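We have chain V already, so just place chain A on it with the hints.
2 protein chains.
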Amino acid sequence: MVMGAYVSYGTGHHAASWRHPSSDTTATRNLDHYVEVARYAEERLFDTLFLSDAPAVFNDDQAGFGGRVTFFEPLTLLSALAMVTEHIGLVATSSTTYKEPYNLAREYASLDIISRGRAAWNLVTTSKLAAARNLGLPAHPAHAERYERANEFIDIVCRLWDTWEDDAFPADKAEGQFYDPAKRHRLRHRGRVFSLDAELNVSRPPQGYPLIVQAGSSEAGRELAARTAEMVFTAQPDMESAVAFAQDLDRRASRHPRLNPDIIILPGLTVYAGRTEKEAREKVEELQALIRPEFGLSMLSDLVGGYDLSGCDIEGPLPQLPPSNANTSRRALIEKLAYEDGLNIRQLYERMTTSRGHMTLIGTYDFVTDEIVRWFENGAADGFNIMPPLLPESLRDFSENILPRLQHKGVFKQKYRPGTLREKLGLRRPENQYVTETVTTDERGQHHDHAR
Amino acid sequence: MVMGAYVSYGTGHHAASWRHPSSDTTATRNLDHYVEVARYAEERLFDTLFLSDAPAVFNDDQAGFGGRVTFFEPLTLLSALAMVTEHIGLVATSSTTYKEPYNLAREYASLDIISRGRAAWNLVTTSKLAAARNLGLPAHPAHAERYERANEFIDIVCRLWDTWEDDAFPADKAEGQFYDPAKRHRLRHRGRVFSLDAELNVSRPPQGYPLIVQAGSSEAGRELAARTAEMVFTAQPDMESAVAFAQDLDRRASRHPRLNPDIIILPGLTVYAGRTEKEAREKVEELQALIRPEFGLSMLSDLVGGYDLSGCDIEGPLPQLPPSNANTSRRALIEKLAYEDGLNIRQLYERMTTSRGHMTLIGTYDFVTDEIVRWFENGAADGFNIMPPLLPESLRDFSENILPRLQHKGVFKQKYRPGTLREKLGLRRPENQYVTETVTTDERGQHHDHAR
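If you read the sequences in order, they're chains V and A. Counting in the numbering used here, the first sequence runs from -17 upward without gaps. Counting in the numbering used here, the second sequence runs from -17 upward without gaps.
Here chain V stands alone, though its shape is the one from the complex:
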């Protein structure tokens, strides 16, 4: 079972966690906080440390009630954390909509070298409308357009990581030959979105390619994941939908030639657990009591795609929403909860502040352990991205009480395997595409030019 520690929001995943007496309100800009969390997650054998990202202020609450606003840029933060950890995988999120393939390929290759093969790229197309304003685009590109770009983008990035073969640098001092020109490859790409002739200026990453992670759940997102992702992070509210999601993704994946046939599926999971159910409930209520209604409305507005709900009665129903170009799957979930299940606005934001649409388990340590095992054994998940409501407290609670139970049941490891993140997860290392192609280039035509 694969376990990720989702630590994007400094004080924890619950939207009001910063108000908790134990919280360090400077956490999102406090390096020491992240060093402590990263070291602890490694000590407890988490497989990955996960940072979400968007080029915009988070939870765009204009009134100042929300505690998740500014944060570290993830590639720089994970490069720093690579120096205080040895085993844990480092997952940085980056947007294909708001970065350039060349710059992104460099950054992840560099992080992979710095971390000795522990880098992972969570590919997103970004659902924040403010990102377009921040970057100076006329508008946030439409969903289909974002995914068209993402599809070309990832192919370019993988090719860029192949620019230099693994053994391209004999560095023969006597002969004066540093690299072997036959092992240097230029990508000639002419696509609908990108047109470039590019050679990366970073050597091939230790993992070949950093691990490819994705989080999109739309039709286009699933297709992209089926073709290219090795790990998928997903929001699933219950086991049935998680099983359906996993089966759908497996079916799609089987239609593509894949180096690693199985996709590691990690639903997000928020846990409130205690020795008794009452103790667990108290942990929820303690945090829920800290939500100001103004903030709940503001957060919900953001989650449905920037539609302003601030004038609405929180005890009333969610109004019919105009079309939006933002995250469609999270919005669809909120609409389902509102229009089919009949949750009012307050109930909707309370649901969202605890979990943002991810599964939430509330109960005794034994109950939570059993639920996790049940999901795992029923093919709903290969593991979980744990979203601690309160950091570091809930991470410690989970690690000290749930993980040992999972180890006892034999579903969670007792120590790290050696090697890179791919090796630890049992994933194959990608071969260089220029090398594997040389025998078949003539048949397949000169789609990519092997210059020189």
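Treat the hints as calculated values from the structure; they're not laboratory data. None of these values were measured; they are calculated from a predicted model. No incorrect hints appear here.
A pair holds if it fits inside one copy or across any two, identical chains being indistinguishable in the list.
Calculated pairs, SDA-like style, for lysine to any residue (alpha carbon to alpha carbon, straight line, at most 25 Å):
| # | residue 1 | residue 2 |
| --- | --- | --- |
| 1 | K155 | T7 |
| 2 | K397 | E375 |
| 3 | K81 | L111 |
| 4 | K155 | E264 |
| 5 | K406 | Q389 |
For chain A alone, coordinates are given in the frame of chain V:
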């Protein structure tokens, strides 16, 4: 006297340094090498660690003779090195032509937080023609166009660093108010190059703004530096031209309202020194003997802007070069050496392989020390960016033999000052422009909109 350690090229600044018996040929992709160099430079009280950069393969020698090819992405590498150092400034180069202001502002703000106020941005417009091909631009933009973009770019980036006032986060747990909306500022920028409405998602950097460094020597480059730079890195072949450059820059700077009136000018300096002059000469010759002519030609081709010289006789003169859109000041220097001083092609590339146009001092430790003091006392330099021909060897040689002599003469410090890089260098911290403007906004018109 300010001392920088220029460590971009893993095995050292001499183009054939990788062939030296002492060299680690994996240095440009070896984190341990950089950790050792960074720690050593700090132990020896260097003020800054300097990484040059371009989004392209370095020294674009297609035949494989040159050892400077792939390298770390600088922001990720310096974030890692921030964790193993405490005092040394971390200068990362980034291009205004091939990055977006929002992404760049985030990365440097994040590095400044990670390093507790030691980040510096060396702004370049990039002179490598391959960068355009790598990023998919139709052509490398013209010099004037690059500088027009750079001028707007830096103003945007500084404003983005001001998005959140230093005390924007009261984080009042009792009231549930995390930030003060009056201390959050949106930049509304409508320029010739950029048009955006942006708010940074990183808190204000510890230094206010990371230190602004520049390296352009053209007319447009000097004007940009005079208006915005706090430190200038420059290639000056002799003291007279360095004095003229410094005077010109001071004159230009005096015409601009500047927070820190004086620009810290650091010429690049390559030193070959020994107990005797003979010993120093041997150190040069040992490295010069390692240059293959094919590589010398290839490197020179690259330095004059991508014009292919591979068919030329190395004992003959430099042919008349067609116009180029690449680094104009380095090319002008090469043309001067060729057409006015009569250097043939071999002499040109030998000059360039040792120094790339920067000052080179060859002689006894005492001679070199005296020359450094002479430059310093004659207003040619506020210090130097030391470009060790061989790493770490030449850095050790300089640190053990020249630095103590400079300390003895009272021109180099005995220990670091406390505080951020700005504080160590005696530079003022920039105030937030939104704060200083509030009194005068009406008079100056609504150039920047304080939207919220």
